[in-house]
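From the two separate chains plus the hints, produce the assembled complex.
Going down the list, the protein sequences come from chains A and B. Numbering follows the working numbering, in which position 144 of the first sequence is assigned residue number 144; successive positions increment by one, without gaps. Numbering follows the working numbering, in which position 131 of the second sequence is assigned residue number 131; successive positions increment by one, without gaps.
Simulated from the structure, these hints should not be mistaken for lab results. All of these numbers come straight from a predicted model, not from anything done at the bench. Do not rely on the hints blindly, as some may be mistaken.
Below, a list of computed lysine-lysine pairs in the BS3-like style, where the Cα atoms sit at most 25 Å apart [to be verified]:
id : chain 1 : residue 1 : chain 2 : residue 2
1  : A       : LYS78     : A       : LYS293
2  : B       : LYS193    : A       : LYS259
3  : B       : LYS250    : A       : LYS394
4  : B       : LYS145    : A       : LYS329
5  : A       : LYS232    : B       : LYS146
Which bits of chain A does chain B cover? Going by a derived footprint, with three or more residues having C-beta under 8 Å, they are [said to hold, decoys possible]:
id : region
6  : 178 to 188
7  : 323 to 335
8  : 375 to 389
We put the CB at the ideal spot given by N, CA and C, even for glycine.
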Amino acid sequence: MSLIINKEQCVGCTLCVKVCPFGALYMENKKAVVRPEQCTLCGACVEACKFDAISIKRDKTVQADTQARGVWVFCEQKRGVVQSVSYELLGKGRELADKLGCELCGALIGHGIESKSRDIIQRGADTVYVVDHPQLKHYVDDAYTAILVRLIKKYKPEIVLCGATSIGRSLISRVAVKIHTGLTADCTGLDIDPHKKILLQTRPAFGGNIMATIITPNHRPQMATIRHKVMKEAAQDPSRQGKIVKESFEDNVYVSRTKILDIIEDVSATVNIAEADIIVSGGRGMKGPENFKIIEELAEVLNGAVGASRAAVDSGWIPYSHQVGQTGKTVCPSIYIACGISGQIQHLVGMQSSKTIIAINNDPAAPIFQIASYGIVGDLFEVVPLLTKTLREKLKK
Amino acid sequence: MNIIICIKQVPDTADVKINPETNTLVREGVQSIINPFDMYAIEEGLRLKEQFNGKATVVTMGPPQAESALREAISMGIDEAVLICDRAFAGSDTLATSYTLAAAIKKLGDFSIILCGKQASDGDTAQVGPGISTHLDIPQVTYVKKIESIKNGVAVVERMTEEGYDVVETPLPCLLTVVKEINEPRTPSLKGKMRAKSAKIQLLSAQMLDCEAARLGLKGSPTQVVKIFSPERRKGGEICQGPVEESVEKIAAVIKSLIP
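Just chain B, same shape as in the assembly (with noise of 0.2 Å):
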């Protein structure tokens, strides 16, 4: 079983701060790290690696300096990794994004399972891995929870919803986008950490993609970012440091002026 799981490297929210004098982020000193939600599809990538006795490979789409996402992953088990890296993807959003991936994909041969987190720390979108199922028409099942089984060539998941969850039947290969409840990624080994030094990161360039050029980068992205601007920051308001009950009975009062 050949299971290709996509991750992105992103700034480490915890460390994103906004400087109060030019209203800007600061991005000196932001650590990189591999979105959080990607770690969970390379846990359960590991799992049914070993459970099927199968090939783990991690794909990732961005500058050179996001090898080191990929080393990581290594470090945990992942067996391949591929770097699709070209100037001509700068500029990428969701829909050049997924169609790249996708081309790459196609490039690394035949799958059962391709697994991503249900969206990436920095942008949100969670449109990345629904856009890859599409280019590659086959089907998907977002927000997997759990994995029930594999076998006979179908799979049985769980997808949470905003009410529980839908036990989903889906016929590999698929795509599937997985959250947090899942699982539990592992720490990389020492042995991992060592392979993952040596370990070669396949690199694939634009032209080595069965793909249009029309279609990648900012040229094959309809949106546009027009502007950027900070948020206005929530101020702190009332703090009450006097006497429990005093603070309370204010609060209460607070609320049931706020309440219809």
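Isolated chain A, as found in the complex (with noise of 0.2 Å):
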């Protein structure tokens, strides 16, 4: 596979150069001439050429099998419990479904959690797959990885999609290279292709800056991790049959190399800001770490978690767990309320998804105001403290 530059087409216009987003094109006696090892072949220079010098010439591949079936959805389940992220994907999941006019499935792995698969049936799964079993308990990866393996290839779903949790991550990475297949990381969105039926799984890639439209053309099953908090979580219906299929594997299939000697879960609500629906973070512009305070202050009213930019994480104000940004969390809550964060980009890739914004900073020429739905310019330990005692009356607190 190769792009192909036809040099009597090309004007010398440089379009190419410019829209190419991995640098692979560059001038050379007035003609483009492509990197191949730096060119991905994503085609977006192949569109931007108006004088049809550009084409990709790709190699004839394999078929992918035609005989796939289904959309699956790995159910996530921590202490027994069906994590909300695999709602999100069961309600996606019926729409892919339905455009494709297939089944989707649940696949739900742990122990003591067969009554749970009810739950994912009246989210809208057609049949739960389940595997119950002592050592399943807690998440560990070879036996995890070694069932859902076992599992798509016995059924050969053709899509399937998981969430990108830190389970979800570890386990399906490890499931995609087993079955030799692709996988999309962090979608943001997925559809499906009305004429060939394949899934559009897209991301965003560089942090965010741009966005990226991927397929598995020749690989089944085609396979996605979705990021928390972007899908509708699917409504229930009590009212909603479907099928469910116990499954159990020979005893070694449940052996893992690592063990899990201690789970500490000392995160509070205040501090999941993976979870939160609302958050309020704090930067450099806190001064300090007793002045977090006013943000927890904040949070509380608002039943919301506590954030924090990089500089606040670095000075020691407040633990990492609490970092929102390109070296800590990804957040997408309805409400994001920056205090004293001046929105440096490693900040904005972090919560830019947020679906409300709100800044207060005392500096009106910060960047975080170029990017916030609602802000206030002023002195944030004035700001806070006044927003918290009116939030208060308003919600009756």
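Structure, rendered in structure tokens:
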């Protein structure tokens, strides 16, 4: 496969060089030239060229397994509770399955979780495959991988979706390699190509500066992880009926090389920023650890979590588990309140998909105001406590 | 103890900007850096090397210019550096990349631990580390925030989770992906910088690896990028610059209307 530049048609306009997101094109003697080691054949230049001078030559490859049917969702559970990201995926999965005219199935792995299959059916699944075993109580890489690989090989789904959580990302990367298929990480959009009936997987790249749509044309299943809180949770329908299929395997399948010695849950609700619907974050403008109290108070009134910028974490004002941004967590709450955060790109990539962003900063030129839905220019030590007081009254707390 | 650290050279996100006219990435003048998460892997590798009197090797797959990332790692104290570089690797997705890196690591001989950053800052996939461990058929622990102990061929580590952390035991050899909390990377010493200038970098081409050509590069990559576009840019909204009481009243009303 390669990018072909027709030198006779190239007029040297440099448009392709400008649109290439990978810096793979340059000009030589007023003609475009490709650096093959940097080219990913994304096709941005093909579309941009007004002179039809660029084309992509694709090798004939093996055809996809046309027998593969069905959309699967890996239903992540922790301590026997199905995680909300799974319900979000069931919502999206139902839509995809309906477009393809196929079944939506859940894969549920754990211990003492069989009764949860009903919940998964009520959220839109037609069939739930359950593997219940004492050694599967907590997530372990080896056993979960072995089981999901066996289920996929047996039932041959065409699409497998999984939450982009710490468990999901660890598990599904291994499964995709074992099955030898494509996997697209951290999708924010999924759709079915109406003609080719394949999965269109859209995800941010370069810290959210560009979006890419990715396909897995010749391998099955097409696999993707999806960010938490991007898709809408499937509504519960208590009357919905479905099939529950129990699966079990020979003993060695449940064996893992790694062993969990202890599970420590020290992250309180005010810290779990990945799950929070409202986040109040503090940055360099907080000036010191003691001042985070006013952030906590505002978060408490809103039942929200406390976040922080890298500047605040690196200064030792607040633990790393609160950090939002490139080297911290990516969050997507419905309301994100940034206090004393200037809005460096590394912070923005971690929170710019929040539904509503409210910025409080004393510098009207701070970059955060360029992306904020609402902003207050003012001293945060005056604004934040007043906002807490006003909201407490308005929300009658 | 042989420690292998996989790193990636990435564009510095701080420099990545969108040209508002063409809506495309401006790449001119964008600095290349070692993926920020890989810095923690390098530092952890150096600490293990010092603790166990071992050898630390950095490995990267990339274009010839990725050599500068390897030299930077050497300046921090890394013993050996390997550049996996061949046109046959161009266009690799995470499956082909992890396959190639695993093949290169096999070529390097015995090892106790492979360290990777939890993900790269350009692609953000977090798939290559687990991919390597799967190809090599070794256990893995992802999102490691602390190595508690390594003895008698067993490592005990803390894996960060959404709710806290798990204490996980794994036999060696294993692969760990690390998060920022694990350490604070050192700055290169002057002596290290001098050594980095003249250090020999081992080059591995596709032919030198024991691998199937059909599994490399674009050919070995099941995923294809079909479209690239600019995200809808968030536009600035309403900014209140008036008296604080007025601004707060207004924003509080907005927040209340957003809460169900």
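Each hint tested on the structure:
1. A:LYS78 x A:LYS293: violated (31 Å)
2. B:LYS193 x A:LYS259: Violated. LYS193 (chain B) to LYS259 (chain A) sits at ~41 Å, over the 25 Å cutoff.
3. B:LYS250 x A:LYS394: holds (12 Å)
4. B:LYS145 x A:LYS329: Between LYS145 (chain B) and LYS329 (chain A) the Cα gap is close to 14 Å, so the pair holds against 25 Å.
5. A:LYS232 x B:LYS146: Roughly 35 Å separates the two Cα atoms, so the pair is violated.
6. 178 to 188: This one holds; 8 residues, not fewer than the three required, reach chain B with a Cβ under 8 Å.
7. 323 to 335: Coverage by chain B holds for the region 323 to 335 of chain A (6 residues, Cβ < 8 Å).
8. 375 to 389: It holds: at least three residues are needed, and the region 375 to 389 of chain A offers 9 whose Cβ sits within less than 8 Å of chain B.
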